[in-house]
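Participant: Sequence:
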Amino acid sequence: MQNSVIIIESPNKEAKIAQITGAKVFATKGHFKTLTKLIVKDYQSYEPEFEFKDDKAKFAINKIISECKGKEVIIATDPDREGYGIGYLFYEMVKNQAQSVKRAEFHEITESGIKKGLDNAIPFSSSNFNEFSAFKARAVGDKLVGFILSPKYLQISKDYNVSVGRVQTPALSLIVKRELDIKEFNENAENKKIDYKIKVKLSKNGVEFYAINDNIYQSIDEANEKIKSLNEIKKAKVYGVDKKEAQIKPSAPFRTSQYQEAANKKFGFSSEVAMTLAQKLFEKGLITYHRTDSNSLSTEFLNEVENKFKSCQWYEKREYKAGNQSQAQAHEAIRISHIHDFSEIENIAQKESLSDDEIKAYTLIYTNSLLSQAKNAINENFTYDIDINALSFKAKSSKVIYKGFKGVFESFTDDENEETQDEIKEVSNLELQKDEELDILSFELQEVKKKAPSKYKESNFISLLEKEKIGRPSTYATFLPKLLQREFIQIVKKGKNNEIVATQKGINFIESLKTNGDEWITKSEFTAQMEEVLDEISAGKQQYLNFIKPLHEKLGNIEVKEQEKKISPPSPKQLEFAKQLAQKTGLELPSNIEEDYKICNEFIEKAKAQVPPSPKQIELAKKLANDKKVDLPKNYEKSLEICSKFIDKHIKAK
Numbered sequence: 001m002q003n004s005v006i007i008i009e010s011p012n013k014e015a016k017i018a019q020i021t022g023a024k025v026f027a028t029k030g031h032f033k034t035l036t037k038l039i040v041k042d043y044q045s046y047e048p049e050f051e052f053k054d055d056k057a058k059f060a061i062n063k064i065i066s067e068c069k070g071k072e073v074i075i076a077t078d079p080d081r082e083g084y085g086i087g088y089l090f091y092e093m094v095k096n097q098a099q100s101v102k103r104a105e106f107h108e109i110t111e112s113g114i115k116k117g118l119d120n121a122i123p124f125s126s127s128n129f130n131e132f133s134a135f136k137a138r139a140v141g142d143k144l145v146g147f148i149l150s151p152k153y154l155q156i157s158k159d160y161n162v163s164v165g166r167v168q169t170p171a172l173s174l175i176v177k178r179e180l181d182i183k184e185f186n187e188n189a190e191n192k193k194i195d196y197k198i199k200v201k202l203s204k205n206g207v208e209f210y211a212i213n214d215n216i217y218q219s220i221d222e223a224n225e226k227i228k229s230l231n232e233i234k235k236a237k238v239y240g241v242d243k244k245e246a247q248i249k250p251s252a253p254f255r256t257s258q259y260q261e262a263a264n265k266k267f268g269f270s271s272e273v274a275m276t277l278a279q280k281l282f283e284k285g286l287i288t289y290h291r292t293d294s295n296s297l298s299t300e301f302l303n304e305v306e307n308k309f310k311s312c313q314w315y316e317k318r319e320y321k322a323g324n325q326s327q328a329q330a331h332e333a334i335r336i337s338h339i340h341d342f343s344e345i346e347n348i349a350q351k352e353s354l355s356d357d358e359i360k361a362y363t364l365i366y367t368n369s370l371l372s373q374a375k376n377a378i379n380e381n382f383t384y385d386i387d388i389n390a391l392s393f394k395a396k397s398s399k400v401i402y403k404g405f406k407g408v409f410e411s412f413t414d415d416e417n418e419e420t421q422d423e424i425k426e427v428s429n430l431e432l433q434k435d436e437e438l439d440i441l442s443f444e445l446q447e448v449k450k451k452a453p454s455k456y457k458e459s460n461f462i463s464l465l466e467k468e469k470i471g472r473p474s475t476y477a478t479f480l481p482k483l484l485q486r487e488f489i490q491i492v493k494k495g496k497n498n499e500i501v502a503t504q505k506g507i508n509f510i511e512s513l514k515t516n517g518d519e520w521i522t523k524s525e526f527t528a529q530m531e532e533v534l535d536e537i538s539a540g541k542q543q544y545l546n547f548i549k550p551l552h553e554k555l556g557n558i559e560v561k562e563q564e565k566k567i568s569p570p571s572p573k574q575l576e577f578a579k580q581l582a583q584k585t586g587l588e589l590p591s592n593i594e595e596d597y598k599i600c601n602e603f604i605e606k607a608k609a610q611v612p613p614s615p616k617q618i619e620l621a622k623k624l625a626n627d628k629k630v631d632l633p634k635n636y637e638k639s640l641e642i643c644s645k646f647i648d649k650h651i652k653a654k
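The opening residue of the sequence shown carries number 1 in our numbering; numbering runs sequentially from there.
By construction, these hints were calculated from the structure, which means they are not laboratory data.
Note that the structure is a prediction, hence the values are computed from the model and not measured.
Certain hints may be false.
Lysine-lysine pairs mimicking PhoX-like chemistry, simulated, CA-CA at most 25 angstroms apart [to be verified]: (1) K514 / K455; (2) K399 / K249; (3) K638 / K482; (4) K177 / K505; (5) K244 / K434; (6) K455 / K266; (7) K628 / K616; (8) K549 / K606; (9) K469 / K399; (10) K266 / K457; (11) K638 / K606; (12) K177 / K523.
Cβ pair distances, simulated, as ranges [what the hints assert, rightly or not]: (13) K192 / E595: 56 to 64 angstroms; (14) N231 / F185: 33 to 41 angstroms; (15) K514 / E588: 45 to 53 angstroms; (16) E553 / E319: 57 to 65 angstroms; (17) E619 / E594: 28 to 36 angstroms.
C-beta: ideal position from N, C-alpha, C; glycine also.
Produce the complete structure using the sequences and hints provided.
Facilitator: Structure representation (structure tokens):
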């Protein structure tokens, strides 16, 4: 492939793909073009205008285009809608320069995965251009919402750190609603939050266990009075035994949201950190593409697992459906790219220089990939009806009949059940017979707290977004950092969980949207409908304008125009900071710095480039880099500007 050029997004994959193919490989470094400030050319066609995001991107892409002249060009940007959009914009630039242009999708960065992608490559002109229509619909729609509504609420709130987003705002609305539900519950009197039941401690051959009566007592005095009437009774009788077999299935192969949820539950990784780790594993060729709506596994992978593990007693071949979304049909679940024994993970980690957290993420995906091909676990569950003075009490027990998938990687996959609301604990391996007599040891009160709405956990919020059809796998990890940056929410560590808490600012912002005629943007139903339209555009069932026009109507058909610069003064803090920097650097303050906050900001940025960060800032940058699993930028120890930008980007999502 010496006369071929392969175009990808991430520079981290260039060397590996070049080594495998022998082709020249260049990376766009993600999005290299962005919508202009006007967004669209006119409001009849709504055709967007794209421009290079900066001069650096323009220079880099033009240099790549020059390398493509007369060559076979294979555009292998990421295999999703955003990746196709990036690839299409490159195609438009290169199609008249190259000998030929093809579209390929690499779902795993391995020799077989790349070969498969190249073998299945098609002329870009024959690829699904509807995907670009959906891409530009999403881009234009999101930009219109931001450019029209954000300035409106900036003026209303007098706060420059606010923004409205087509998907970010409904996500915030869910968090705010839950916060208000909790507040309403907490305002109830304490005695209205608790009822009481009576439980009995029983014994059989020295094994102690509890049974509970279902009657509700609204006061503690009433419950204690009932206990007094029972205290003289010393024997109980089993009058009913119900036995049921429970089949427990292994988890399906990971979709993006399921991987993020599992990584958060098991290791406390934020959705952003989980995706950063998966990106690195994908780039190293260890897992398949990690932004996916699909639970399906390829036939090749299923056959490889079967060939290696079919003699194992736990193995059972299972197939999973992709899902209904157009993107899901073309993708696999997140899975390992090579079949190997669990014991080989350590060697792979050494060979690929994996960090401790990358090992955790890889092991999680490894165990999920293989256990999706394991037999069910089987339990035998018992419910016992126990009579005490004509009162019915219930006890429960369970017995493991067959471990199935639970017995394969026990050292890694020990159950980590969340705290349950069960009133009595289930007893293992307790078997009672009908008409059997039991010893009564004591009667006790059991508080039954009326279930308050619980705060969303970071681990289950992603699955909620997926259920509500807010966003896509490529965007799930971006919502919370954005809401944190706007100070609409906080993330609070509580035990093993990270709880999402709406701030008063976030609550007020949603209320402001509702009272100022824009409640529609807070509704997940509208966003879900728009996501469905995007999928239908990709499938050729709807047109670009079917998405844009209804959205623009909701926005009052306001046209985005080049706005006159409004001059606002800097805040006292900004002005004081500028003066301090002027003293440190010897730079002269602009004469009109006190009149225009933009001039003040420009001076601050210029001065910061000449001032080193403080030792505390350097230490904070190092800590954030370690916590977020990202590389520190060059010269961060020499430039306050570079160090500050890095801290600002990452500290809010900490």
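Participant: Determine for every hint whether it applies to the structure shown.
Facilitator: Outcome of the hint check:
1. K514 / K455: holds (22 angstroms)
2. K399 / K249: holds (16 angstroms)
3. K638 / K482: Cα-Cα ~28 angstroms, so violated.
4. K177 / K505: This hinted pair holds, its Cα atoms lying about 14 angstroms apart.
5. K244 / K434: holds (16 angstroms)
6. K455 / K266: holds (19 angstroms)
7. K628 / K616: holds (18 angstroms)
8. K549 / K606: Given pair K549, K606 is violated - Cα atoms ~42 angstroms apart, limit 25 angstroms.
9. K469 / K399: Judged against 25 angstroms, a Cα distance of about 39 angstroms means the pair is violated.
10. K266 / K457: Cα-Cα ~13 angstroms, so holds.
11. K638 / K606: holds (14 angstroms)
12. K177 / K523: holds (11 angstroms)
13. K192 / E595: 56 to 64 angstroms: holds (58 angstroms)
14. N231 / F185: 33 to 41 angstroms: Check passed, 35 angstroms falls within 33 to 41 angstroms.
15. K514 / E588: 45 to 53 angstroms: holds (48 angstroms)
16. E553 / E319: 57 to 65 angstroms: violated (44 angstroms)
17. E619 / E594: 28 to 36 angstroms: holds (34 angstroms)
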